[in-house]
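Colleague: Residues in the sequence shown are numbered consecutively from 0, following numbering that gives the first Met the number 0.
To be clear, the hints were calculated from the coordinates, so they are not data collected in a lab. Where hints are given, some of them may not hold.
[As the list claims (entries may be wrong)] Below are the DMTMM-like pairs computed for lysine to aspartate or glutamate, each with C-alpha atoms no more than 25 angstroms apart in a straight line: (1) Lys1 x Asp174; (2) Lys72 x Glu82; (3) Lys330 x Glu238.
[Unchecked claim] Beta-carbon label-pair distances, calculated as ranges: (4) Glu203 x Glu145: 39 to 47 angstroms; (5) Arg24 x His303: 45 to 53 angstroms; (6) Ala326 x Arg40: 21 to 29 angstroms.
We put the CB at the ideal spot given by N, CA and C, even for glycine.
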Amino acid sequence: MKRLPGWLSDEPLSADIAPLLEEGRIPLEQLAAEARDTTLRRFGRIVSLYAPLYLSNFCSSGCAYCGFASDRKTPRRALEPDEIDRELAAMRRLGIGDVLLLTGERTSTVGFGYLCRAVEVAARVMPRVTVEAFPMTVAEYRTLAECGCSGITIYQETYDPGRYGELHRWGPKRDFAERLETPERALLGGIKSVGVGALLGLSEPVAEALALARHVRHLCRTCWKAGISVSFPRIRPQEGGYQPAFPVDDRFLARMIFAFRIGFPDVDLVLSTRETPVFRDGMAGLGITRMSIASRTTVGGYHHAEDAGTTQFEVSDDRSAEEFCRALRAKEIEPVFKNWDPVFNGPTMQEGEA
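Model the full assembly from the supplied sequences, consistent with the hints where possible.
Modeller: Below is the structure:
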């Protein structure tokens with residue numbers, strides 16, 4: 000087993016976040032006000048929007064909490080190039096210009112070549128293409144960037160190595176250290192932005208939040224040219240029926256979001272349609288600067304929503320893009336479907352910087 004990096008247990012890297020997470024130490028309302036002011040100063044009154052497109056539900060790993068795990072008795076499929084085209088056209092009709100392409104862990108059916116072709120197809124019609132898929136090598140990330148991918152999302156899921164081993168029962172995802180090193184490999188390969196996060200509910204939430212803060216602080220220090228974003232997904236009902244061992248309520252999640260906004264004023268904070276409309280509307284402008292909309296967690300699902308198959312997890316906020324944008328504008332927040340263009344395909348860090 001690889002030796003784990005020292006920053007994972009370096010308390011000073013998360014010391015400024017720790018007091019903010021402590022219930023009763025600082026009133027939640029005070030944190031919300033400070034987070035709101037910080038968001039307004041650094042980002043203005045906008046929320047950038049994206050939508051996920053699930054390319055495939057093939058997977059080679061056995062994650063206990065995932066509806067796409069390889070032991071689930073669910074039909075498997077992968078979108079063909081013409082199907083990807085139709086899905087993207089349907090997304091464009093919704094106004095979406097920022098797409099996150101998702102797959103399971105690497106398989107013989109859906110591997111690196113398949114993902115590159117999908118990125119090339121998406122990059123022809125979408126101003127911004129990002130990927131949430133299996134870990135890759137520096138060389139593979141370089142090729143993916145050349146195909147048109149500008150960002151990746153890679154959740155560690157849990158930063159507790161013991162829990163990680165219990166939950167990842169088989170497959171390539173069992174390698175904790177390999178996954179932990181992935182964001183830096185992607186940046187070395189020319190990917191411009193990385194998104195990290197923990198799947199809340201898998202491990203003790205305060206410890207998880209502090210470990211995530213250490214990871215973000217490490218990336219901000221060593222990969223300072225890159226764009227860093229942080230997501231806060233909570234476990235939702237899924238095929239397999241996994242129940243969270245450490246449920247996270249709305250109050251703690253709000254406190255965690257406020258703490259990260261105060262501690263990381265320039266980092267994008269992301270909230271997906273896993274959360275309810277009430278919670279998402281409340282967090283907009285209070286720390287969250289990026290959200291998914293009109294999400295389908297089936298393979299495809301935009302062109303023929305009625306033909307949707309098994310989902311990876313249940314969506315809580317099923318509002319249309321139009322409905323969600325109306326809710327944002329009612330709070331005087333402007334939804335942004337396209338925020339920037341790729342302009343530089345070189346690495347955002349150099350060998351030896353990590």
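Colleague: CA of Lys330 to CA of Glu238, is that 25 angstroms or under?
Modeller: violated, 36 angstroms
Colleague: Using the Cβ atoms, figure out if Arg24 sits within 45 to 53 angstroms of His303.
Modeller: holds, 50 angstroms
Colleague: Taking the CB of Ala326 and the CB of Arg40, does the distance hold inside 21 to 29 angstroms?
Modeller: Holds, since Ala326 and Arg40 (Cβ atoms, about 23 angstroms apart) stay within the stated range.
Colleague: Hinted pair, alpha-carbon criterion (25 angstroms max): Lys1, Asp174. Please report holds or violated.
Modeller: holds, 9 angstroms
Colleague: Starting from the range 39 to 47 angstroms, see whether the pair Glu203 and Glu145 falls in it by beta-carbon distance.
Modeller: Holds: the Cβ-Cβ distance is about 41 angstroms, inside 39 to 47 angstroms.
Colleague: Need the status of pair Lys72, Glu82: alpha-carbon distance at most 25 angstroms?
Modeller: holds, 24 angstroms
Violated hints amount to a single one, hint 3; each of the other numbered hints is respected by the structure.
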